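So the sequence shown is residues 6 to 299, counted in the numbering used here.
Accuracy of the hints is not assured; some may be wrong.
To be verified - Derived CB-CB ranges, DEER-like:
id, residue 1, residue 2, range
1, Thr265, Ala131, 22 to 30 angstroms
2, Leu183, Leu45, 17 to 25 angstroms
3, Thr161, Arg127, 39 to 47 angstroms
4, Leu34, Gly203, 26 to 34 angstroms
5, Ala179, Gly203, 26 to 34 angstroms
6, Pro202, Trp175, 32 to 40 angstroms
Read the hints as simulated data drawn from the structure, not as lab findings.
Nothing here was measured: the structure is a model prediction, and the numbers come from that model.
Where a beta carbon is used, it is the ideal one built from N, C-alpha and C, also for glycine.
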Amino acid sequence: MGGGAAHPGHGHGGGAGGSGPLDVWPPALALLVCAAAYALMVRRARRRNPAQGWPPARSMSFAAGLALLAMALLPPLAPFAHRDFRGHMAQHLLLGMYAPLALVLAAPVTLLLRALPPHRGRRLTAVLRSRPARLLAHPVTALLLTIGGLVLLYFTPLYDTVMGRPGWHWPAHAHFLLSGWLFAYVIAGPDPAPARPGVPARLVVLGVAIAAHAAIAQLMYGGFWVEVHAPIAEVQGGAEIMYYGGDVAELLLAAALVTTWRPVRTPRSAYGTRLRSVRRPTGRLEEGIPDGGP
């Protein structure tokens, strides 16, 4: 990474030091509820369609996502993240990048659609196709939410404000998790997303996100415009965690995206000429006819 002077340290924003029962039990209970809800939906989906079932890999991915969330929200990392900026950044990566990708690959929306009665499934589908949902689930919207949150947190006094007040870190955690889930969902999620563009467009958005994360980490390491009042070694260490840990997470996201790429193969006729598909006004794909045909 590039060098430069880190932001001068003025002491970490204290006030949220230790981790008591009120910090441990709520996230632990929430994770258990999520695990039970997912298992219940898997059971219902298998009952509704025994032949189709539910892939065990999806369930394993959801369990991995919950495990990553537990690592981020429970001791020993959670109390360390309140005392040290490096721990905070590790927590941020788990909440905002690694856990969301695992949860998205578990296809919870698809599972919910299979588990719900048909009339409720149609309602959920209508919500997913609504204008607000399409706007929210657009890759550019997801990009602005995830990158904008980083800029707002680390380049304004917001970080010190959050860390200096007990309980204020939970909204920040929620933003990391939800914006990270949304970004992973619109980029590489197996769940239905009506506003999702093609793979090339999503690769462009992912490339912009990679460049933005790298730029933020470089600025943080060099101490440019950063409003994190922590020791220089902590700020630079956190920047390195963000830079290299973010690269790994984004490579995993890119790999998940590439696996969804299904190039359209143009069939050939018996004479070796390529067939092209014709769409009629109804939008239904009709039989191919040779190039140069009527």
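Which numbered hints fail | 4
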